[in-house]
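J.: With chain A fixed as given, assemble chains B and C onto it according to the hints.
Chains as they are written, first to last, in my numbering: chain A, 1 to 319; chain B, 1 to 319; chain C, 1 to 319.
Treat the hints as calculated values from the structure; they're not laboratory data. Misleading hints may appear alongside valid ones.
[Stated by the list, open to error] Okay, derived cross-link-like pairs now, DSSO-like style, lysine-lysine, Cα gap no bigger than 27 Å in a straight line:
no.: 1; chain 1: C; residue 1: K161; chain 2: C; residue 2: K252
no.: 2; chain 1: A; residue 1: K16; chain 2: B; residue 2: K16
no.: 3; chain 1: B; residue 1: K156; chain 2: C; residue 2: K318
In this text, all values refer to a predicted model and were calculated from it rather than measured experimentally.
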Amino acid sequence: QGCEEPSGDTDDGSPKVIGFIQPQYESHFTDPGTSTFKFMRARLGVTGQIPYDFTYYVMAEFSSFVSSGGNPFLLDAFISYRRFEWAKMSVGSFKQPFGLEVNTSCSGLHTIMRSKVSDQLISPQRDMGFMVFGGTNENLLQYQFAIMNGTGLGVKDNNSKKDMIGRLKVNPLDFLSIGGSFRYGYPINNEETRTSFAAEFEVNLNNLLVQGEYIYDEGDQNPAAGGGCGSDPVILGEKRGGYWVQGMYMTKWMLQPVMKFEMFDLDSDIDENEEYITTFGLNYFFNDWTRLQVNYQYKAEKAGEVENDALLMQLQVKF
Amino acid sequence: QGCEEPSGDTDDGSPKVIGFIQPQYESHFTDPGTSTFKFMRARLGVTGQIPYDFTYYVMAEFSSFVSSGGNPFLLDAFISYRRFEWAKMSVGSFKQPFGLEVNTSCSGLHTIMRSKVSDQLISPQRDMGFMVFGGTNENLLQYQFAIMNGTGLGVKDNNSKKDMIGRLKVNPLDFLSIGGSFRYGYPINNEETRTSFAAEFEVNLNNLLVQGEYIYDEGDQNPAAGGGCGSDPVILGEKRGGYWVQGMYMTKWMLQPVMKFEMFDLDSDIDENEEYITTFGLNYFFNDWTRLQVNYQYKAEKAGEVENDALLMQLQVKF
Amino acid sequence: QGCEEPSGDTDDGSPKVIGFIQPQYESHFTDPGTSTFKFMRARLGVTGQIPYDFTYYVMAEFSSFVSSGGNPFLLDAFISYRRFEWAKMSVGSFKQPFGLEVNTSCSGLHTIMRSKVSDQLISPQRDMGFMVFGGTNENLLQYQFAIMNGTGLGVKDNNSKKDMIGRLKVNPLDFLSIGGSFRYGYPINNEETRTSFAAEFEVNLNNLLVQGEYIYDEGDQNPAAGGGCGSDPVILGEKRGGYWVQGMYMTKWMLQPVMKFEMFDLDSDIDENEEYITTFGLNYFFNDWTRLQVNYQYKAEKAGEVENDALLMQLQVKF
Numbered sequence: 001q002g003c004e005e006p007s008g009d010t011d012d013g014s015p016k017v018i019g020f021i022q023p024q025y026e027s028h029f030t031d032p033g034t035s036t037f038k039f040m041r042a043r044l045g046v047t048g049q050i051p052y053d054f055t056y057y058v059m060a061e062f063s064s065f066v067s068s069g070g071n072p073f074l075l076d077a078f079i080s081y082r083r084f085e086w087a088k089m090s091v092g093s094f095k096q097p098f099g100l101e102v103n104t105s106c107s108g109l110h111t112i113m114r115s116k117v118s119d120q121l122i123s124p125q126r127d128m129g130f131m132v133f134g135g136t137n138e139n140l141l142q143y144q145f146a147i148m149n150g151t152g153l154g155v156k157d158n159n160s161k162k163d164m165i166g167r168l169k170v171n172p173l174d175f176l177s178i179g180g181s182f183r184y185g186y187p188i189n190n191e192e193t194r195t196s197f198a199a200e201f202e203v204n205l206n207n208l209l210v211q212g213e214y215i216y217d218e219g220d221q222n223p224a225a226g227g228g229c230g231s232d233p234v235i236l237g238e239k240r241g242g243y244w245v246q247g248m249y250m251t252k253w254m255l256q257p258v259m260k261f262e263m264f265d266l267d268s269d270i271d272e273n274e275e276y277i278t279t280f281g282l283n284y285f286f287n288d289w290t291r292l293q294v295n296y297q298y299k300a301e302k303a304g305e306v307e308n309d310a311l312l313m314q315l316q317v318k319f
Numbered sequence: 001q002g003c004e005e006p007s008g009d010t011d012d013g014s015p016k017v018i019g020f021i022q023p024q025y026e027s028h029f030t031d032p033g034t035s036t037f038k039f040m041r042a043r044l045g046v047t048g049q050i051p052y053d054f055t056y057y058v059m060a061e062f063s064s065f066v067s068s069g070g071n072p073f074l075l076d077a078f079i080s081y082r083r084f085e086w087a088k089m090s091v092g093s094f095k096q097p098f099g100l101e102v103n104t105s106c107s108g109l110h111t112i113m114r115s116k117v118s119d120q121l122i123s124p125q126r127d128m129g130f131m132v133f134g135g136t137n138e139n140l141l142q143y144q145f146a147i148m149n150g151t152g153l154g155v156k157d158n159n160s161k162k163d164m165i166g167r168l169k170v171n172p173l174d175f176l177s178i179g180g181s182f183r184y185g186y187p188i189n190n191e192e193t194r195t196s197f198a199a200e201f202e203v204n205l206n207n208l209l210v211q212g213e214y215i216y217d218e219g220d221q222n223p224a225a226g227g228g229c230g231s232d233p234v235i236l237g238e239k240r241g242g243y244w245v246q247g248m249y250m251t252k253w254m255l256q257p258v259m260k261f262e263m264f265d266l267d268s269d270i271d272e273n274e275e276y277i278t279t280f281g282l283n284y285f286f287n288d289w290t291r292l293q294v295n296y297q298y299k300a301e302k303a304g305e306v307e308n309d310a311l312l313m314q315l316q317v318k319f
Numbered sequence: 001q002g003c004e005e006p007s008g009d010t011d012d013g014s015p016k017v018i019g020f021i022q023p024q025y026e027s028h029f030t031d032p033g034t035s036t037f038k039f040m041r042a043r044l045g046v047t048g049q050i051p052y053d054f055t056y057y058v059m060a061e062f063s064s065f066v067s068s069g070g071n072p073f074l075l076d077a078f079i080s081y082r083r084f085e086w087a088k089m090s091v092g093s094f095k096q097p098f099g100l101e102v103n104t105s106c107s108g109l110h111t112i113m114r115s116k117v118s119d120q121l122i123s124p125q126r127d128m129g130f131m132v133f134g135g136t137n138e139n140l141l142q143y144q145f146a147i148m149n150g151t152g153l154g155v156k157d158n159n160s161k162k163d164m165i166g167r168l169k170v171n172p173l174d175f176l177s178i179g180g181s182f183r184y185g186y187p188i189n190n191e192e193t194r195t196s197f198a199a200e201f202e203v204n205l206n207n208l209l210v211q212g213e214y215i216y217d218e219g220d221q222n223p224a225a226g227g228g229c230g231s232d233p234v235i236l237g238e239k240r241g242g243y244w245v246q247g248m249y250m251t252k253w254m255l256q257p258v259m260k261f262e263m264f265d266l267d268s269d270i271d272e273n274e275e276y277i278t279t280f281g282l283n284y285f286f287n288d289w290t291r292l293q294v295n296y297q298y299k300a301e302k303a304g305e306v307e308n309d310a311l312l313m314q315l316q317v318k319f
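Chain A on its own, in the form it takes in the complex (with noise of 0.2 Å):
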């Protein structure tokens, strides 16, 4: 559930240290032009095991360009109880278990960017809970049932109703898995609520790999409890939702093209106000931990096209 997966499989007993930094170059061809050197993330934290059936994984946040005031923080940090295969159990802070791209690990993405159907409609992404979880990508069945607060990291529940987060995958072929999400919850008091649905698909052939996700959301929101990895929340309407779909292959050369394409629409009710978002990637491993990532995005706003698109490099280290 967290950005990386505990391994559960150090050999002494002692804490694993684990991390990642994304140094990264963007340059937005807005009008006047930006570019600057950033961190995306970065990454430090400690993994382990208790003899025999416990893991911890606590991992904070040390980028200044994520949380709205610059500062780290703390990202996932939970104990889990796996002695029941089938009824493994967290308590802590994790990622909501909903939807294929938020629960693909940070380090792991395909594009440097998440779609923003995912960074604004599954807010918050990280959350505090418990988790019910079962299945690896080997069963025929995964599933991930989580009770949450519901306000995001860090900040107490702001009313005495839970939400309810849960996500369910099958494997029904090797290169094959669908999947579906739902969401049930009280962003803000114990009346208003919001619903969400999820539902993914994943063909993983030989060299190719396609993915695709389309997002359904409804009801109140909490703006507070913000997006994706320093993504700033947008106000939404009643309605709203979204898919992405991508593709990619890996060469020989360990070089793999990408291309993803986007659409977003933050209120289903007014008519022309979606975007869409093409990424043009390359992705380069130098080896098992070191990759670099080159996107360009292509930006289309059907309400009026808007001088906003995007080259992004990232040099990332995993450790």
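T.: For chains B and C alone, kept in the frame of chain A given last:
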């Protein structure tokens, strides 16, 4: 003096990563009621030994529910010189050597919350300064004496006079220890002073542990210096005091029932304003590093009963 | 480029925890006088090597006495590609490659404080960007050249032009090195520029070490970019400059007397506003990782003597 004693026995010279996390669920029976998942504490740090006589200890708090701004901060960080058994020295930030409960490590508390009298009167609980100390639980005598800023963590002293804090413990019998603490300080300026005393006892017989403490405090105060782990400081009268006493029994099933009774009087010059809290607890130790605590707090106010009982559940993993 | 050079020789691939803490007591002979315990620095991080050519370095500052808000922050964090001896590359956050004193590691400074001219004119001392560098103290030549935001740590660039900073060092004799630095940048916008120069020398003969540096700086400035470790930036004139020179001798008792003289002129167009600081210091090395420093600062202001001398004492442990 930190929450954890630096072990000083890391076999090689390399820093040892240590810490613990305390995800917690709490329900407050106020009107309207509230409930939330949170982190009581989430700590990460390192400790180690410099051959031959120095040790170091660095610990940061990452829980967003402790500091007033919600940000991580440096908690205990000190260098110790341990050449002389009866005059060990530390410099840096650490707990004031005052009182039994405050100097019980945060991962070794028998109830989820410290008593209100410890949190409110031993303020600041942590501070920067210099300490001389000697003796262990195995000796007849143990002492600690410190000179500290008196302004709490992360703040320069606001006056040129330093606070003096000391604690003396006597272990006359195997199963019994008694002790006393004092503090004489300058919370705000060079003129107004604060004087505090405490008396403590502990009986440790087979699986039974009984402890108690009385604290008296008078004079000036600096509310900005903060109290215990994330508790909001209250405005105190000229004289204030209180006590707590608790007993617990470790059964052979690693299940430990605990009961605690405490009184806190924030202004001794006003009658009928005492608060009484009775805590009914159950601790379960999965193993040496993993503990589940369930506490029910029955809170009685002499001035007029308020609806504020609470149910707390905490899972802790130490590493 | 970080305070510590990533060693690149961790035997296994796992991250190595590194850091140091500097608890400090200081007394300022102002009227009224002040005195306090504090942390000059408290740093914790990791470094490591990715086979075969990459290294990483991540270091956070945890002292509450450095950043303006008192919060921890990411200091140096960079990925280096070391395949080409004369064209190594780094990307991330690190010190500007400008000047001898700023590029002396913070745990290896010979006096407790850097000179005022280094702290005030080489601002921001740390920044985000890309660097090419080559050579070591063993070579005749060493160079560093960087393209950086120019806005300091944790802030996006406020303009689309980047700063260029470089340093060249020549080691003509075993015991002698001389060098020069330059910077050409855009502190606030794409129009107003800033130009800086520095010249340095170092003589290292047996146990004697003599160093000095002259810095000249003119043009625009961004006070928000901050100066050195927690020093408050002053408002500078159009042209400003200064120098420092220091000598020290390591005796056989591991006791090292040091004397430093420095001048800082914050506005060359105004006469009689120079500040002179003479530092009398004594360094004692308990061992390779533990050092005690005592400094007396005699501060003289040409415009009229102010009572502001200071006594500083710092204990440092490195790990």
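J.: So, for every hint listed, does it hold in this structure?
T.: Comparing the hints with the structure gives:
1. Taken as a hint, the K161 (chain C) and K252 (chain C) pair is broken in the structure, with Cα atoms around 52 Å apart against an allowance of 27 Å.
2. A hinted pair counts as satisfied when its Cα atoms are at most 27 Å apart, and K16 (chain A) with K16 (chain B) qualifies at roughly 10 Å.
3. Proximity of K156 (chain B) to K318 (chain C) is assessed by CA-CA distance (about 24 Å); at most 27 Å being required, the pair is judged to hold.
Hint 1 from the earlier list is the only one contradicted by this structure; the remaining hints agree with it.
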